[in-house]
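Next come the chains, spelled out residue by residue.
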Amino acid sequence: MAVIQQNIVELVNVTKEYNGQTALKSVNLTVMENEFLTLLGPSGCGKTTTLRIIGGFEHPTSGKVLFRGVDINSTPPYKRKVNTVFQKYALFRHLNVYENVAFGLRIKKIEKDVIQKKVHEILSLVNLDGYEKRDVDFLSGGQQQRVAIARALVNEPEVLLLDEPLGALDLKLRKEMQIELKNIQQRLGITFIYVTHDQEEALTMSDTVAVMQDGVIQQTGSPVEIYNEPKNAFVADFIGESNIIDGIMQRDYLVDFAGYTFECIDTGFKENEPVDVVIRPEDLKMDRQYGVISGVVGSVIFKGVHYETIVFSRDINWMVHSTKAEPIGTEVLLSVAPDDIQIMKKLARK
Amino acid sequence: MKKNLFVYPYAFWLTVFIVVPLLLVMYYGLTVKTSAGVVLSLENFNRFLEPVYLKVMARSILLALVSTVICLIVGYPMAMILADRNLKNRNILVLLFVIPMWMNFLLRTYAWMTLLENHGIINTILALIGLPPLKILYTDTAVVLGMVYNFLPFMVLPIYSVLARIDRSIIEAAQDLGANSFAVFRKITLPVSFPGVLSGITMVFMPAVTTFVISRLLGGGQYTLVGNLIEQQFLYVGDWNFGSTLSLILMLIILLSMGIMSRYEKENEGSLGLW
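Top line first, the protein sequences correspond to chains R and G.
With the first letter of the first sequence counted as 1, position 245 gets the number 245 in the working numbering; the numbers rise by one all the way through.
With the first letter of the second sequence counted as 1, position 75 gets the number 1075 in the working numbering; the numbers rise by one all the way through.
Hint data in this document are derived by calculation from the structure and do not stem from the laboratory.
Warning: the hint list may mix true and false statements.
[What the hints assert, rightly or not] Partial pick of chain R residues on the chain G-facing surface, computed with a CB cut under 10 angstroms:
| # | residue |
| --- | --- |
| 1 | Arg80 |
| 2 | Ala90 |
| 3 | Tyr253 |
[Stated by the list, open to error] Mimicking DSS-like on lysine-lysine, the simulated pairs with C-alpha atoms at most 27 angstroms apart in a straight line are:
| # | chain 1 | residue 1 | chain 2 | residue 2 |
| --- | --- | --- | --- | --- |
| 4 | R | Lys25 | R | Lys231 |
| 5 | R | Lys285 | R | Lys25 |
| 6 | R | Lys118 | R | Lys108 |
| 7 | G | Lys1187 | R | Lys118 |
| 8 | R | Lys133 | R | Lys118 |
| 9 | R | Lys182 | R | Lys118 |
| 10 | R | Lys346 | R | Lys172 |
| 11 | R | Lys81 | G | Lys1135 |
| 12 | R | Lys108 | R | Lys88 |
| 13 | R | Lys108 | R | Lys79 |
| 14 | R | Lys109 | G | Lys1187 |
| 15 | R | Lys117 | G | Lys1187 |
| 16 | R | Lys109 | R | Lys133 |
| 17 | R | Lys133 | G | Lys1187 |
| 18 | R | Lys231 | R | Lys133 |
| 19 | R | Lys175 | R | Lys303 |
| 20 | R | Lys81 | R | Lys112 |
| 21 | R | Lys112 | G | Lys1187 |
| 22 | R | Lys118 | R | Lys88 |
| 23 | R | Lys79 | G | Lys1187 |
| 24 | R | Lys324 | R | Lys303 |
| 25 | R | Lys25 | R | Lys64 |
| 26 | G | Lys1187 | R | Lys88 |
| 27 | R | Lys109 | R | Lys81 |
| 28 | R | Lys108 | G | Lys1187 |
| 29 | R | Lys117 | R | Lys81 |
| 30 | R | Lys81 | R | Lys182 |
Quick caveat, the model's predicted, so the values are computed rather than measured.
Here a beta-carbon is modelled for each residue, glycine too, at the ideal position from N, C-alpha and C.
Work out the full structure, taking the sequences as your base and the hints as a guide.
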């Protein structure tokens, strides 16, 4: 994308405390125009708080929230050019589908025929033509969710905030909606800030992923960056499956773990510094004759596309993803390419 | 079936305490005693149509309506304050509100008498600060005051319980869509709390239109309301037939107004019916 993009939402050193409990620790985040940014993390990591601060429902204890460079800390929610799709949709149950969607437009006192046109357009965008008169209580989860999206989008917000909008849907519907949401975002060219704890969802939909834990953004980057070059063991563990093992960095390009010495591509550590070694299960090659780490197949699970094999070797259990399975009890050898070994600084463990 | 056995005690209870008295009232209401014995007749209904009695009925309905409206105007903001999420010690406040209801109804009404008397507490205080005394006792104002005081909790509590259950997120959703606090109230809080308002109105109007204690104590000795009229027929005049007729008419009126109410509720069914 060669288009010069501008920052639309910026969080500068945002800290949030509830009764002395820190929910966010000096969060810095920049969201660009037309970007699909996902805040990803386990529950309680502060991702929803971050979203609510952008929406104006919470006020940061300290720090600034900028919207196109302007501080909006004291702007109430109803004056922000931001709309939210709430976690449980928060539809108005005393209104039908049409009135739910028209709510924001009516508040702005837009002419009736314009409202009608806009509501019909947006309802057909979310595939709900003909549902205008329906009671929201009688809609399925997926339909309610579409109403919630339509209700927010019809106001043509500059930024759409989505708080785990697909959490209540079943797997198949969720996958469909992921694609649909992504399409809508691209078609309308609106900035999406999306909160989820589902790493797969984050990787599928986002331009940028910000991984959060304990009120801190651990890493921000494209899905590929986050997956291939996780910054620390938490990110590695949270994004996809990984083997995380203790290791010692002998010197640049050489690391010891699992009782062997491996070539790697990492530099910049102290000599003999203890590190976390992260290896993705699909990067481990399992063979009967060739390899370094010897072990025994302990269990095999068929996962559809691949087999997930646990290989016991000394005191480490390796998770291996492969397209071919070896029977339980087989002696195998594991190997890994130097650029598939990721070395990370030890996290301060609690 | 075994299940049916458990129904009998309730059926018995219903029969003895509801069906039989109701039938008795209907029996007395629809008959008159003549020299030839008891005759089926609508004579007492005709008698009710005399201006004296119609006036009493109209007055009862008017006073009950006024009390209900005042209860609504005073009660709704009260319910909103009680339901406020940021309110500290909410339970204590709700308790303070309910405690007077635990006191005897008569006692509370007598208390108002001593407050409102010509030489009562209020007038004594007024005299102390050099203001002219109020002559409220034994007027309609006193009756309305007594009704509002006694029945206000019945308005506040149903509205409060609906308001307290409103999901915070729909308020936020409305704000998110551009509604300021006034618009949130008008478009969300008020329509969503409508069923609470309806049941509050019913719960205040019904005792208010039938009361005879408040009107006798605060309204003076003369019977002014239909409740007193009925009481008179049974206790003093001894005309059980006319008293029963009046009771039947009152029941019809209440039934009718409740029917109208539930029609309103049905129009909003689905969305509000669940609240």
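Results of checking the hints against the structure:
| no. | hint | verdict |
| --- | --- | --- |
| 1 | Arg80 | 8 angstroms, holds |
| 2 | Ala90 | 4 angstroms, holds |
| 3 | Tyr253 | 53 angstroms, violated |
| 4 | R:Lys25 / R:Lys231 | 18 angstroms, holds |
| 5 | R:Lys285 / R:Lys25 | 40 angstroms, violated |
| 6 | R:Lys118 / R:Lys108 | 13 angstroms, holds |
| 7 | G:Lys1187 / R:Lys118 | 20 angstroms, holds |
| 8 | R:Lys133 / R:Lys118 | 16 angstroms, holds |
| 9 | R:Lys182 / R:Lys118 | 21 angstroms, holds |
| 10 | R:Lys346 / R:Lys172 | 38 angstroms, violated |
| 11 | R:Lys81 / G:Lys1135 | 59 angstroms, violated |
| 12 | R:Lys108 / R:Lys88 | 25 angstroms, holds |
| 13 | R:Lys108 / R:Lys79 | 11 angstroms, holds |
| 14 | R:Lys109 / G:Lys1187 | 14 angstroms, holds |
| 15 | R:Lys117 / G:Lys1187 | 22 angstroms, holds |
| 16 | R:Lys109 / R:Lys133 | 21 angstroms, holds |
| 17 | R:Lys133 / G:Lys1187 | 18 angstroms, holds |
| 18 | R:Lys231 / R:Lys133 | 50 angstroms, violated |
| 19 | R:Lys175 / R:Lys303 | 18 angstroms, holds |
| 20 | R:Lys81 / R:Lys112 | 22 angstroms, holds |
| 21 | R:Lys112 / G:Lys1187 | 17 angstroms, holds |
| 22 | R:Lys118 / R:Lys88 | 24 angstroms, holds |
| 23 | R:Lys79 / G:Lys1187 | 17 angstroms, holds |
| 24 | R:Lys324 / R:Lys303 | 12 angstroms, holds |
| 25 | R:Lys25 / R:Lys64 | 13 angstroms, holds |
| 26 | G:Lys1187 / R:Lys88 | 20 angstroms, holds |
| 27 | R:Lys109 / R:Lys81 | 16 angstroms, holds |
| 28 | R:Lys108 / G:Lys1187 | 13 angstroms, holds |
| 29 | R:Lys117 / R:Lys81 | 21 angstroms, holds |
| 30 | R:Lys81 / R:Lys182 | 21 angstroms, holds |
Consistency with the previously given hints fails for numbers 3, 5, 10, 11 and 18, ordered from lowest to highest.
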